[in-house]
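Chains as they are written, first to last, in our numbering: chain A, 41 to 163; chain B, 813 to 1322.
Treat each hint with caution, since some may be false.
What the hints assert, rightly or not - Heads up, incomplete: computed chain A residues facing chain B, CB under 7 Å, no partners named:
(1) Asn80
(2) Glu86
(3) Thr95
Think of the hints as simulated: they come from the structure by calculation, not from any bench. Glycine is no exception: its CB is placed at the ideal position from the N, C-alpha and C atoms.
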Amino acid sequence: MAEAIHKKLQSELEKYQQMQKDVSKSMTSRQKLEAQLTENNIVKEELALLDSQNTVYKLIGPVLVKQDLDEAKATVSKRLEYINGEIQRYETLLKELERKSEQHREVLSSLQQEYQRAQAQNP
Amino acid sequence: MASTIHDQMAAAGKVKRSKYLPQGVERLKEEHRKVVKDCRSQFEHWKKVENDYESLQERLRTLPDKLSYDIMVPFGPLAFMPGKLVHTNELTVLLGDNWFAKCSAKQADALVEHRKKHVKNTLDDLQKVMKNFQNRADFTDDLEKLTGDTGDFVDIREEVINEEEVTKAKHRLAHKANSKPKQEYLLDLEEDKEKKEGDEEGTTGVLSEEELWARLDELERQEELQDERYRYTRLDSTDTNGEDTTSSSEEEKEADGGSDVQVNGHQKENGWVPTSITSQMNGTNGSHPEDEEEEDCDEEAGNGLPTIYFSHTAEFKKVRINTGKNTTLKFSERNEQKAQAKRKKKSGKSNGHSPHESYKITSPADIYRVFVDLVNGEPIPRKSILKSRSRENSVCSDTSESSTADFEERRAAFGRSWSHDDATHSDTSDGITEEESPTGTSPHTNGCFEAFTSTVIEKDPLPCSIPHLTIAPPALPTIPERKLEEVGPEAPQEPPKWMSKFKATRLHQK
Chain A
41 MAEAIHKKLQ
51 SELEKYQQMQ
61 KDVSKSMTSR
71 QKLEAQLTEN
81 NIVKEELALL
91 DSQNTVYKLI
101 GPVLVKQDLD
111 EAKATVSKRL
121 EYINGEIQRY
131 ETLLKELERK
141 SEQHREVLSS
151 LQQEYQRAQA
161 QNP
Chain B
813 MASTIHDQMA
823 AAGKVKRSKY
833 LPQGVERLKE
843 EHRKVVKDCR
853 SQFEHWKKVE
863 NDYESLQERL
873 RTLPDKLSYD
883 IMVPFGPLAF
893 MPGKLVHTNE
903 LTVLLGDNWF
913 AKCSAKQADA
923 LVEHRKKHVK
933 NTLDDLQKVM
943 KNFQNRADFT
953 DDLEKLTGDT
963 GDFVDIREEV
973 INEEEVTKAK
983 HRLAHKANSK
993 PKQEYLLDLE
1003 EDKEKKEGDE
1013 EGTTGVLSEE
1023 ELWARLDELE
1033 RQEELQDERY
1043 RYTRLDSTDT
1053 NGEDTTSSSE
1063 EEKEADGGSD
1073 VQVNGHQKEN
1083 GWVPTSITSQ
1093 MNGTNGSHPE
1103 DEEEEDCDEE
1113 AGNGLPTIYF
1123 SHTAEFKKVR
1133 INTGKNTTLK
1143 FSERNEQKAQ
1153 AKRKKKSGKS
1163 NGHSPHESYK
1173 ITSPADIYRV
1183 FVDLVNGEPI
1193 PRKSILKSRS
1203 RENSVCSDTS
1213 ESSTADFEER
1223 RAAFGRSWSH
1233 DDATHSDTSD
1243 GITEEESPTG
1253 TSPHTNGCFE
1263 AFTSTVIEKD
1273 PLPCSIPHLT
1283 IAPPALPTIP
1293 ERKLEEVGPE
1303 APQEPPKWMS
1313 KFKATRLHQK
């Protein structure tokens, strides 16, 4: 009886750990997105400081490709929107994961109690 | 990570006084230190970045001075070659995210300025975070000291069992109504104390404020009705400090700023709780009046600290005083305490608190017995300090003759029930309270005790409202008084509410 509970406990624990890993992974990607967001914001502001006389280049691989200033501005804005959307997505994902891990935690604690009770009875 | 800490702290809070507490506090401190270290390293990094940008700007300014420079051009990682730097005004600037722009040196300078602004913002944020966590760390230190077994805080408990015997039904009701919310409030604060600090102040402040208003109404009702009074003899065995504590705790509960005070007291950021605690300590046999505030104050003071147990005397006697105008005065415990506290403060002001200790005053009657000597003629109990000519020789030397008239009028208007051991008791107390009100802001400028009086004076000549401003005996360090001064300005906001009702009753009785 105690053994069965013990096994269940182990499996639940593993699942919980897996969940925690997912949470941390999405956390890191979300942080990366945040960094990109700030960077693109700065690029947007700096592009605003330039005028059409300066040529703008984009680094694609090893090549610097000439871009139009307005095009560049539009591209950067689009990228910003994309990043924001991604961040939202990750937010919801994180919340989901948090909720699930809460549930898991409760399951774990109840299992633990059961196990302790069983331990107390059996030996 | 934060949630686990939170859980741990919550657990620590609930278990409290157990072995988890030091563990939890240790852990919390660890985390704080880590954050602060992190902040510091980040701060260093961003400072370096800022310096780099500064030097870059310098270079940009000097670069277009010459059409070309003779330089040693790096040739691979290990070699250099003499060469020329040309087109000195044409720069290709990396804007971020693989975007480049060709611009002049001046334009590049502007870009660099813009980036430096961002760096500054980051630095400021880091500073703020660091300061915030530093405060938190300090707070946990204080918290630990407060709740730990170290030092100056003693838990004083009184097991009150037979409340029903002495109180009248109304009184009991009032008490019951008050005790419940207070207990919850107390518990919440206990837990909050252990939790991450900083966030709870707002919420508990709100809670306590509502409860305070409820309590204010309760207390008003109690004050107004002539029949229901607190137990008389509680104060007979009262230590002076105990009364002060009561008044102080009353003050804590009743003052508007009291909510903050109490919360702060819980959180040990304010001198209130220590004040009351030390005052309790002074009186090992300090009385524990029926006020729940007192109880709460005590309870919150002691968490696993050395405990002093005391109990009230069982006697219950109605003390009546012939005070001339109001002959059938009943004993009002709170008024008594307030009077007591004020009297003590008054006497302490001029005598440095020595007479009390030397004369071993344990009840209001003692005071009159003591200060009887100050009367010019024979040792008759004084009717009122204000009335007697001997006021110049009296302990409260700063009282003005002019206030006598005011006092007389107010006393007539009162019709309040006061019970004291001697006739002069109430007069003196009233005298004191009345005296203090006219003196206005002048005491404020003086030393320790004046602070009390100034806050007392704030508005209300009525002793009932004043007590919540009186706190521990003057022997305390200046910090409480300063806090009192701080609280003082807050207190006036509340008396107006009181004053209206009392004034109404007074006008009624007029």
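Status of each hint after checking the structure:
With a least beta-carbon distance of about 6 Å to chain B, the hint placing Asn80(A) at the interface is held under the 7 Å criterion. The closest approach between the C-beta of Glu86(A) and any C-beta of chain B is roughly 5 Å, which is under the 7 Å cut-off, so the hint is satisfied. Interface restraint check: Thr95(A) against chain B, minimum CB-CB distance 5 Å, threshold 7 Å, status holds.
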